Every structure is written in structure tokens, then in C-alpha cells.
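Take these sequences, add in the hints, and give me the full structure.
Protein chains: 2
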Amino acid sequence: MAQVSFDACPDSYRHWRLRVEGAVAWLVLDVDEDGGLVPGYDLKLNSYDLGVDIELYDATQRLRFEHPEVQTVVVTSGKDKVFCAGANIRMLAASPHEWKVNFCKFTNETRNGMEDATEHSGQTYLAAVNGSCAGGGYELALACAHILLVDDNSSAVSLPEVSLLGVLPGTGGLTRLVDKRHVRKDLADVFATRPDGVKGRTAQTWQLVDEIAAPSQFDQAVRERAAALAEGSTRPTDAGGIALPPLRREVTEDGITYDHVTAAFDRPGGAVTIVVHGPSAEPGEWDADFWPLAMTRQLDDLILRLRTNEPDLGTWLLKTEGDTDAVLAHERPLLEDQDWPANEITHYYKRTLKRLDVTSRSLIALIEPGSCFAGMLAELALACDRQYILDGPPVDDEDSDLRASITLTDANFGPFPMGNGLTRLESRFYGHTEGLDKLRGTFDPTGAMAHGLVTDAPDDIDWPDEIRIAIESRAALSPDACTGMEANHRFVGPETIETKIFGRLTAWQNWIFTRPNASGPDGALRRYGSGQKAVFDRKRV
Amino acid sequence: MAQVSFDACPDSYRHWRLRVEGAVAWLVLDVDEDGGLVPGYDLKLNSYDLGVDIELYDATQRLRFEHPEVQTVVVTSGKDKVFCAGANIRMLAASPHEWKVNFCKFTNETRNGMEDATEHSGQTYLAAVNGSCAGGGYELALACAHILLVDDNSSAVSLPEVSLLGVLPGTGGLTRLVDKRHVRKDLADVFATRPDGVKGRTAQTWQLVDEIAAPSQFDQAVRERAAALAEGSTRPTDAGGIALPPLRREVTEDGITYDHVTAAFDRPGGAVTIVVHGPSAEPGEWDADFWPLAMTRQLDDLILRLRTNEPDLGTWLLKTEGDTDAVLAHERPLLEDQDWPANEITHYYKRTLKRLDVTSRSLIALIEPGSCFAGMLAELALACDRQYILDGPPVDDEDSDLRASITLTDANFGPFPMGNGLTRLESRFYGHTEGLDKLRGTFDPTGAMAHGLVTDAPDDIDWPDEIRIAIESRAALSPDACTGMEANHRFVGPETIETKIFGRLTAWQNWIFTRPNASGPDGALRRYGSGQKAVFDRKRV
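For the record, the sequence lines run as chains A and B. Under the numbering used here, the residues of the first sequence are numbered 1 to 541, in order. Under the numbering used here, the residues of the second sequence are numbered 1 to 541, in order.
Fair warning: there could be bad hints in the mix.
Unchecked claim - Short, incomplete list of chain A residues facing chain B, as computed with Cβ under 7 Å:
(1) ASP179
(2) ASP312
(3) LYS539
These are computed hints drawn from the structure, not numbers from a lab. Computed from a prediction, not measured in an experiment: that's the story for all the values here. Ideal Cβ positions, reconstructed from N, Cα and C, are used throughout, including at glycine.
Dropping the structure here:
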């Protein structure tokens, strides 16, 4: 398969139209049937594949940065009688397992991002469901703060995955039904096993939608609701946006290079070394060149590309390079400024770190002399499964005075929580957080070990062997077992809708995807649309 | 495979020795290598299979009921240098998927039961780890309140599943490491990928164990710790126990009959009708014939047998028969009496309901005239995925005055919480619990519908068809999809170690079990011990 690019731009969207009318933006889904990302399926009935979702993600990002004036985002369909039929079934049936899982993960992240915009940016999503709304289409609506369904005696919301495909709604549907919308579990059970779904008044009574409107009143109801949802928004009304120009990026067989982020592949070793470079200039304007935003965009893009295009690189080694003070000088306005750009960049970096948290790769931080794991960049180390700090001069320059350190600031105590609602430090020290809030400052290798900030601190003699062994022994493990183990270790303590979606729901879905009852030759997913009924092994497991 | 029986009795244990010395009980694991439940493997090094765990479950139950004087339970090994090697690998490698999953579930429930005894019965579990302690052996120790490890320079605790078998520790290991014992996640990562584990002082520093003792001081340290853990116990010191005689049970091809519980199989329909009969006599002594205890034991046994022996019966129809007032007369002493038997029976029924909550079968309550879904028995209906109440006379007797109802009492508002810590009513009405605590009384079909206690209330004309269709349409669904869906709908809101183990950890483990990297012909689980290395598909998913 060709490399997937996550670049997109409203002018060249094939599947969405983005229209901004003052405080209200319209995101209109009008999928180009012939525009599938890979050959082999038609995107009928506003069904989607990864390509459609890449455009949606781009739109949600641009709305936050380029359109500070937008307070409500209306998600609706440009097709007649069809809102969205969900993820394309033929695409799913033909995709390898890792593609399905990765696709669902990205889709989930975008939907969580819509909820994040609603909660943290005063940019509230409204689903204007103007036609049939099935599966992933309904899950898209579930990610909105309000669902308005046309009451035309035919348009239903539905989750037909269980009944027609033998799989689960894969992007949060079940969890959001009961945990977010508080649909009663027995009604959720009936709903999720009824292929034709529920419409009109019953959909509202069961809390599957918030509001219904007759076709003749639908447009008016949408406009009124959009205006109502904008009330109390914290978005600025008179600010200029921050344009997001195309990313500069060089991709070769051996790696990817951006301005502030580089990735070097070690294909035989199944690893990639990711280096985040600190800022090289003083903090400047709030624009796309401002280092925290530029670096975040590049890191975000890199994570997405590595996940999708390089599944064999199972271990990610995270490094930083640069000047600690320069990092702190750039994070300071983020943490202190009360204006909307600081808020947006902070939440974008938070979401990018969360992407790292749910990435099914082993993450190892290598903290060496010349690195700048300080404040917001220290979060990268804390997101890792292990942290190694070199206790001595650089391996290749024993006369150097450079020494490694890790610096904790306010950035590590709140602004970048994980999906479980805890900071990465709170997760790390779960059950031992007394006095944790005093753990600010710069820690040398000895101090970092003493305070439990790192896993080990080899000296320059031991470093090469210890790191080599750590990487090699990781590569020798079952990739599946690593994924399961990391998913369980990374998220301690409280659970949220988000962690349930990535943990419990996703794990069940992955299991079901691999089972013959779904993806075997006679399974429901493979037989859908063939006219033949699925054949099930009836044993309950 | 022959039918598995869960009957056990200390006199005939093959793998455990139970010795009571005043306030301290000794549970000594000394597995009979030749005593595997099914042929094909030797239970070497104190490794276990379902048969070993059935005896352990029996012991934990008898300690609670027959030994009110026991305040500390010491779990230790009768073998030299070996505490427990965990679940038998050859058994796991040779078992079908549903067997592995069901085995892990039962093992998990018993370990949760040990924690339940510690928390609610003043009967605290102490792991006296007197030899190497690997995998499920360490998970057994993790279920204890305190782990004392012999510091002999060779005995280690370890979780070798990821590194040697390509699967996860299947019975709570990862979750208990970080969530219960608060092991730092990077140390947990190192520990769970190191096949030889961690011993001595390091094990204590990493919080993998609570205490270490030299071999010469080990026995003394165990006795002192056992005495210390007994301090403050709420167990009575002078009470007689409640003997648990063998269950009376008739098993045929078509069903199972106990005194108070019956199960009738519908094999072609893939369903079983379970009827719980209300008490027929006045409440008597606190003994094994007291209806709440007798009924609970029978229901518990039935759930275990159906899960293990009847995996094709995917839908369980739950009914009750009897007199509502008689049920309430029997639950009253349970709820009101402050003495230990009331406490024990209440928690036992709670654990049995929890078994139902994590049972991977579709559960449908049928509430008909003549039923007694009142108080503690109403929990059975609330545990179901759906509830149907007949709004009219019995289907076969239209002149009858009998009508169905559901009665809520104090029993539905606290004493029988689910694994998520909520009552079944709180879970049902999650997000709408204002005024819920006033929902006491008897509800006829109209009232039950109005208050959201049931899914539907067909009249006697519609009832046969509606119920038939509900059962048939359930049987037409993918069993795997049903399992995943139900696991997500049943547990809303907060998560606990228990729900994480049954939800997230189990789901990941199930996925990993089915993957070629573990159970394929070249997978780690199948190749273990063969001298050949596993061959992995290196793609991360």
C-alpha cells in the first residue's frame, strides 16, 4: 500500500465542505463515491474511509486555529435522505486487521477532539441529522454536544454493527450511549441489536437524540439551536485566526525530517529514533512558526504517519535536543497568557501527547547530555513506558562537561492531562502522590533516580550496552502482548469515557475483529452484502 | 469433554491442604502432578488447572462459612523451593479458546473473593511465598493483602507471560501491579518483561512484595504477620460455623434441578430457562437450609456449570416463582441482623450476582404472574440485559387473577453492589439518579414501565410472540459481538480494579489469545518448551 499522507486543505477536500458564516461553521459531508483512499470499494451513501476522516480531522483543526470567530460547528449531510452510513463495509471487510484497528483509533481521536473543542474551546458541535444515520454515522453524531434528528417518518439513527456485521460499533458508540447520553442499558441493548434503528419521538424518548424537527422546520431548528449553543462561548469575536500552512517535510526510505522533529528508521532493529528539537529563536508572534505550535503539528503528523505507514517499527525511542531555557521561554506564554491562541496550542499539544499514550508501540525515552526534557517536553519522557538517563558525559565525547537532566515545571502539573484525567506524574506515582506537587526543578541523573523520574541511569560505559539490550529484548517480544501490556500499565486509576473507548471497547472490538464469526470466510463481516447468511460458531466465550 | 463438577470437600482435596489453628488458617498448595482435570499434561511445580482452582474456591467459601473463628488465611506452598508456577502452560496451549477464557474468569472470581473476604469479612489473606512464584502464582499472591517473600537469594516473583508465552498475565496481574500495589509503571514494564523476575530487597523496593525474610526467620515472620493481620478483625471468636453439606442436584440431558433452582435447556434454540423458586417455609435457623443461603449456593453452582459445560446455550431466561412476602420475610434478617452469618450470606449473594454480571451470555428476565421478583430476587432481573413483564393474566390461564409485579426494597439500594461500585439500579439509571432512592414499593406492569424498571410490558396476547422473537433474534446474532456489547453496556460509570480486570485486561487477553503470535502453530504459547523459538508477525496493531 502506498504511504498514507495526512495532509489536507479545505480547497481540495473531496468529501467535506467547510463553510463559515460568522459564529457558525457548517461542515457538510458529501462523500465522493469514487474517492476512496485505496481501490476496491465505492463510498456509497456517505460512507467513509480513512481519507474522509483525514479531511474531517483537518477541518476540526482549522476551525480551532483559523476560525477563532466560530462558536458552533454544525455537522450535517449534503446528500438527500442520508446523513452518513458509517465506515464503509467493503473497505473494512477487505482491510487487514492492523488497518482496521488503526483506522478506528484515528477516527476515535478525531471524535474525542470534537468533544475537546466543545469542552475547552467554546466551539460546540451540533449534529444536524437530516437523513438516515447508521453505525459510524451515528457515532459521529454521538461525538457532538447536541443531536437534532429530522422527524420525517423514515430517518432513523442506528447501530447495525452487531446485527448485520457481527462486530461492535468501533468508535465509541456503545460507551457513549450509556456513559455519555445515559441511555438505559436495556434500551441500549434493544437499540444496538435492531438493524433498522429508532426514529422520531422514540429516538428522543430513549435519549438517542436530543431534539427532533419536522422536515419543514428542520433548517430553522438547526439555526436556532446553533445560535443557542453559541451562547456563553468563550471564543473571541474580533480576533484574527492563525493560518496553518502546509507542513514542510522530507520523507525518505530511512526517515522523515521536519523543521523541529526528525525520525530515523532502524528497520532491521524494528525501531525508530524520534528527536524533538528545542526552539532555536526567541518566542515570536502567535503564528504557525511559533515553536510550540510548529513542533506540535510536526510531532502530530509524525505519530500519525508512523502508526499508519510503519507498523513494523515497534519501538519508538524518544529524544530531545536543544536548550532547556529556550524551551521554558516558549512554554511560559502558553501557560501564562489568557488569550485564545495559548489555550488552543496548549490543548493541541495535550491531544498530541494523548495520541502518544494510545499508540500501540513501545515508547522509550533516552535522556542524554544536550537534551532538553524540560517542562512541556518532559511530558514526552513521562509518556514513555521507560526512561533512561545517561549519568555521565556524552558517549562519544568523554571530555565534555555536558550532562543530562530533566526539568519539571508547571507544565507537568495540570495543563496536559492524560485521558484518565490525571497528569502523567500523577499516573506515574499513582498511590504515592503526597508531596508530588513540590517536585519542581531540574534533576540530574542521581536526583532523577532518587525521585523516581527515570527507570535507570547507566553511566557512559554501560549506556551503549544497556540501551542496545533494552531495544533488542523489546523487539524479541510478541508485539501483541506488548500492546496489551502497555495499554494496561499506562492507564492507572480512574477511567473516563475516553479511556473506556480506547481500553475496554477497543480491546473487545479488536478481539471480535479477529474472530472467525466476524472476519472468517463465513463470518458476518465478510458475508455482508453477499446474499449469504453468516455461519456462526455458537459457543459463547 | 466430560461435564465439569464444581463439587469439592477438604477431605478429598488432591491439591490443597486446609489446616485451621485457632484464628489462623493455613492453605497449603501441594499439587498432585497426576491430578489434572483432563488428560494431557502434568501439573509440575505446583502449576494449576481448573481442578486446582475449584478446590481453592471451595476452601475460600468454607473458611467464610464453616470457620467464623479464622481471621487470617495464610496461603503457602507445601513444596520445596516452589510456591506456584502459575497456570499450567501445556493445559493452556492445548485448550480451546473458550476454555481458556472461562478458566481465567473463574480464577479471577476466586481471587476477587479472597479480596472480598479481606475487605468485608475480617478474614485477611497473607501470601507466604516460600519459593519461586511465577505468573498465576504471583497473581495468587497479588490477591492477598500482604505478600511475604523468602529472601533466599533464589526465590523470585515473576510474570513471565509476556516474555515466554506471548500472552498477558490473565488473572489481574497487570492491573493489580499498578492499580492495587502502586508499582511505578516503568518498573512494572521492566518486571513484566523480565522472565526471571525480581527477588529479595529489589522486589520489596519496587513494591512487588511487602516484606522479605531470611529462610531461617521465615516461619516466624509468617506467624507474626498472620497474628498482626488478625488484629482488629471483626470475626466472632466464639461462634459455631455453618456447615456446607454437598449440594443436592439432578443433572439430565435436558436440565439441572436443585431444591430451589431449576434449569431447563432448549438446545435447538440455544437457550436455557432458569427458575429461582422462592422460599416455601418460614425463615428458620442460620444454617445451610436457610433459603437465602441454600438458593445462593444452588444458583452459584448452576452459573458455574452452565458457563463451563453449556457454552452453546447463549441466552439465559431468568424467571422466579413463589410468594413475594415469603422472599421479603427471608431477606429481612439478612438486611437487619448484625451478626456474622447475615454478613456472610449477603456478601455471598452479592458475589453470585457479580458472577451473573460478568457472564458472557445474553440475560433476559421474564416477569410473569406468579413470579416473585422482589427485593434480593429483583436484583436478578436488574442484572439482565432486558426485562419483560407480562401485562395481563398468565398466558395459559386467562381467567386467573394473578398479575406480575416487581418489588423494590432496601435490598436494591446498597447491599449488593456491582463490580463498578454502583447498585444495579444506579447503573440502570446512570446519569438520572435524582430521587432514585425513593423508588421503593411494588410496581405493576404499568408502573414498572412508567418508572423504567422493565424494557417492555406485552399483554398476554402479544407475550408469546414477542418473547419468542426476542429469543430467536438474539440467537441469530454473532455470539462474540453479543459478548463484547454486553460487557460494555453492563458496566457504566466508574471503574474499579475488578471491572478493569474483567473488562479491559480480559478483553486484551482474549484478543491476544486468538492471535497467531500466541496460539498459531508458530506462536509463543504453542512453541513454549519445544526448544523452538516463536515466530512473530512483527506488525504492531
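Cut-off 7 Å, beta-carbon criterion: hint that ASP312/A touches chain B: Result: holds, 5 Å to nearest chain B Cβ.
Interface hint status, ASP179/A versus chain B (Cβ within 7 Å): Where the cut-off is 7 Å and the nearest Cβ of chain B is about 5 Å from ASP179/A, the hint holds.
When the least beta-carbon distance from LYS539/A to chain B is tested against 7 Å, hint result: Holds. Min distance 4 Å.
When held up to the earlier numbered hints, the structure conflicts with none and fits them all.
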